[in-house]
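Asks: Two independent chains are provided; combine them into the complex using the hints.
Single-letter residue listing:
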Amino acid sequence: MSDFALSTSPGQQRQLEAFYYREARLLDNRQYRQWLALLSEDILYRLPSRVNVQVDNRQRGDEDMISVERELEGADSMGCPIREETYIHLVLRVERAFKINSWSENPPARTRRLVGNVELMTHGGDEYSVLSNFHLYYARPGGASFLYSGQRRDVLLAAGEGYKIRRREVILDYGDIALPTLGLLF
Amino acid sequence: MAYPITELVNEDATLVSRRCWTDPGVYALEKRGIFGRAWLFLGHESQLRQPGDFVQAYMCETPIILSRGQDRRLYACIDSCSHRGLPVCRADHGNTKRFICPYHNWSYSVEGELVAIPQENAVRNKPDKSRLGLKRVPRLETWRGLVFGSFDPDIMPLEEYLGDMRFYLDAFLGRFPDGIEFIGAPHRWLLDANWKLPVENQLGDVNHGAFLHSAIIPREAQDRIEELGHSVVTAPGHGATFRLMPPDAAVDEVAWGMEGMGGMLGGAPVQEYLREVQARAAERVGPLRARMKGLTYGVYPNLSFLWSNASFKVSHPRGPGRVEYWSWAVVPADAPDEIKRVLRTNYSSFFGPGGILEQEDSEVWVQQFRGCNIDFADDRPCFYGLGLGEEKPHPELPGLVSVTANEFYARHFFARWRDDLLAVEGRP
Chain A
551 MSDFALSTSP GQQRQLEAFY YREARLLDNR QYRQWLALLS EDILYRLPSR VNVQVDNRQR
611 GDEDMISVER ELEGADSMGC PIREETYIHL VLRVERAFKI NSWSENPPAR TRRLVGNVEL
671 MTHGGDEYSV LSNFHLYYAR PGGASFLYSG QRRDVLLAAG EGYKIRRREV ILDYGDIALP
731 TLGLLF
Chain B
7 MAYPITELVN EDATLVSRRC WTDPGVYALE KRGIFGRAWL FLGHESQLRQ PGDFVQAYMC
67 ETPIILSRGQ DRRLYACIDS CSHRGLPVCR ADHGNTKRFI CPYHNWSYSV EGELVAIPQE
127 NAVRNKPDKS RLGLKRVPRL ETWRGLVFGS FDPDIMPLEE YLGDMRFYLD AFLGRFPDGI
187 EFIGAPHRWL LDANWKLPVE NQLGDVNHGA FLHSAIIPRE AQDRIEELGH SVVTAPGHGA
247 TFRLMPPDAA VDEVAWGMEG MGGMLGGAPV QEYLREVQAR AAERVGPLRA RMKGLTYGVY
307 PNLSFLWSNA SFKVSHPRGP GRVEYWSWAV VPADAPDEIK RVLRTNYSSF FGPGGILEQE
367 DSEVWVQQFR GCNIDFADDR PCFYGLGLGE EKPHPELPGL VSVTANEFYA RHFFARWRDD
427 LLAVEGRP
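Quick note, the sequences are listed as chains A and B, same order. Using our numbering, you'd call the opening residue of the first sequence number 551 and step up by one each time. Using our numbering, you'd call the opening residue of the second sequence number 7 and step up by one each time.
With the rest of the complex left out, here is chain B (with noise of 0.2 angstroms):
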């Protein structure tokens, strides 16, 4: 590779080369040092409720079929035939008995087991089919209806690698009676961009809202944003963001949903349903998290969560200038059906591929990726470095913490990716 790791992020990760996002050869790296190395988010148990039901899913550029069991465990199984590499699975989704290749009709459980191979009657010598089935992938855990996959059959437990993730997590999906849920496919697009880019700016970059997003953003609500923002990192590659709203603060400012656009027009009964959760979130979650109000927060590598619009986000890598994008919009699973229709357009209406602020950000991280593929400014790698060391432990947040125009969330997750990088660099 023409660039060694050590010149790509400096010690304190306060400068970026702008090769980082371009360059194949430190993406070829990516893949065995972070996304095969690394828990990856498959999905949501909500999806997957009756035996049978399944869901398509990427682990890097790797397609995955995660699938419940006629034994109602999960499974997951690299979707790809072991006869001629065909995927077995073309639906989003769906509920079925076989998956079967198109090709020569191999055929397999949704366990991921070789059922048949109609060929073989033709044959004396039969296949051992045993040895015959999806690739599984090693390591499949779940953590409050999340699923995770993982590569490294040797990585330490999913809890123990989300940490105190957990506790700012815990914050929205405890929040609600009965959790979450996922509701219908994920919108899927494709933006000419380095999987990166939105990694990062989900992960803490709340105050581009005031420049990026003014057109749509008013002013005095960034600024309250700012005054009452938190950014926090639990452990480098890991963030969260979130007001913390003063304890006198009225119900309706504090209360999830009630800012986005579903929350605002969906009428009285949503309104009452959102308060309503507001006011026994003290039980659920105690007094502190309570009065937390959720802004972005990002699982290394590639998992977001958009709380203030209710959606989780995956940026799966298509090469170093590919990204396809993944979003979900997620809703409390006790809600009636009439309520959830109106809060997914909390998601919607903002982000997404139609969403109204997130078309700038779409145009920001191509634009960015296309400031970072030119020639004759490797001597100016990006600048990483505001507010550099400001971030300190707090008495009663875990992680270190700071004001959200501090990029240490950023230079956390570069510093963790260069270290990635050397673990593997130069081996096999």
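The following block holds chain A by itself, in its conformation from the complex (with noise of 0.2 angstroms):
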């Protein structure tokens, strides 16, 4: 992927931060099912987990030494990603949700997401891939309430008048997991 992303014109790229306005919309109004809808049934939604790597010194001084990458351990790799989901999976996560008793949400968590930062960097066919950043504030009755912080790199399908997302990779920004859960739809 090239360090630019393409350029767009105003309307495609009011089209792409609509899609996730409103995706972040539903999430925050807990109006999962609906969430639901935006996906593609063959997605797959992967959040790796991030390593203290070793610095290899015959990389010393080039941007490969401190690459986010060496850090990820992805769906690709012999490590363990600490999701690997299917649409199965994040069914079960919403079906959850309007369950009374789904304890670690029961009261629910006042969450709010900010999405910014939205490139489109290629696209072909019907396919686009698009990176955001996001913002997830996340506080619970009776605990300490969390930033949690993140880059989202997306395939989306189009699809009428907007998009499906058909793969998710959710790198997460966290140094040591002192939050809640990871179990969230990010």
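These are computed hints drawn from the structure, not numbers from a lab. Please read all numbers here as calculations on a predicted model, not as lab measurements.
Non-contacting residues of chain B with respect to chain A, defined by C-beta distances greater than 12 angstroms in every case (computed):
{"no.": "1", "residue": "R145"}
{"no.": "2", "residue": "E147"}
{"no.": "3", "residue": "T148"}
{"no.": "4", "residue": "L250"}
To list a few chain A residues with every Cβ distance to chain B over 10 angstroms, as calculated:
{"no.": "5", "residue": "F554"}
{"no.": "6", "residue": "L556"}
{"no.": "7", "residue": "P560"}
{"no.": "8", "residue": "R572"}
{"no.": "9", "residue": "Y582"}
{"no.": "10", "residue": "G611"}
{"no.": "11", "residue": "D612"}
{"no.": "12", "residue": "R660"}
{"no.": "13", "residue": "V665"}
{"no.": "14", "residue": "E677"}
{"no.": "15", "residue": "S699"}
Coverage of chain B stretches by chain A, computed from C-beta distances (three or more under 8 angstroms per stretch; other residues unrestricted):
{"no.": "16", "region": "190-204"}
{"no.": "17", "region": "216-230"}
{"no.": "18", "region": "348-361"}
{"no.": "19", "region": "365-371"}
Beta carbons are placed, not taken as given, at the ideal position from N, Cα and C, and that holds for glycine.
Replies: If you want it as structure tokens, here you go:
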């Protein structure tokens, strides 16, 4: 992938951003079933593990030495990603939210997602590779509040006036995982 | 300390004081009485294949480097420079020739020997480097690839310590043609809870599934678990729970891994692999253990093994009210890479920091800690009396055996815990 985003028309950029703003609003409003309708049913939803890697002396002075990619145990690695999910997993998470005994969400967390830095990186056929950043504020009664920060690497599929999410890889910016759960819908 | 040990856990361990989980004085005694005198889990040999390979580990709050030396032997050293005490290793794992302290570049070999003090060139009296290596963990032993260390130089051999837990661990470890391996770095996350809360959950608390996890586990599935379930204590603090499947049960019902998300969704090659393992299980572990379908295991004090979702876990204390919980996915060593990648999701879908089930467990550990850190309730210890005295020896299974509703696994744990603290109470 090039370091430069594709140049998009104001209309296209606006359409992409509007898609992500609506997605964030649905999730913050806990309209999770409507969120599911934004997914392509062949979705792969992944959250790599982030590892403290050893500095490779041979890479001294190179960008590779401190690259983010080196820190990730992703789906193609022989490490262990934190989440590797399909549509079925996500349906399970969504349906759980509507049960009275999903105790870690009872009472539910109050969340607010800010999405930005939306960049269309590549486009081929009906697929769009899009990067976006997010901050997710998370507060539960009786507990501390938390800030989740990360990047989403999506493949969107053109669908009608909008898009469906076909791939999502969430790069979370944690040092140590001092967060109540990484099982949220990012 | 404000609370005498004998008042924390009563004689038959049916009543456990809330202060066991919250009192700083109790925690200080736990460090000496338990973590200073037990075998503590460090890692698995599959993480250390080549000379120079290392992983980080902990023994209670003490950081450890576990490494494979140039002589191919395993070494465990405290990760703290002999000069100013800094950690000399910053990576979770890797391969190296030297561990180097960032402050003055004191350099250590992968075995922990001090190799270089750059500053000594400018002084006349050279220190004796042979006496300034990293502090070695005095005892280090392995069994079936599992590596344990102990700060007690006089502790009994590891195999004796594990005792009959070996019978139950082997039902899983010995099931696969080449045993198991750990895949990837451990997932590590912090919880505002006491270290014993995850341990107790994994030691034998099968029956909370019907309640805490009812949003995910269907009632019929949980009923079946409890109907076939056995709970075993091989020695106080060591426990195993498992289903003993009927001799005529279908292969798909017995085989490890089939009921996980990876096994269910992974497609024909994964399922054929799992059936093949089960088809030959009786040859490897005998007919009785071939019928075992494990649930939770615990090895005193803080190692857990979740057979049903293929994960080893260690609950590392960070003070009385904080846990750094580590968990690794385990996969059969002989499986092709693509099957290993599917089977690791048997763990990560439901467990670990993003798991659908474990978020509920984390919630109750934090809530139990809070409930035990309140005032005006010291006359109301937690009740651990369910099933008192109902555990019995079994004709085929070593240890004391009972139904999973019996809380004897926790009573035995707390009786041992109390005795371990009594052994060091009032002694320096």
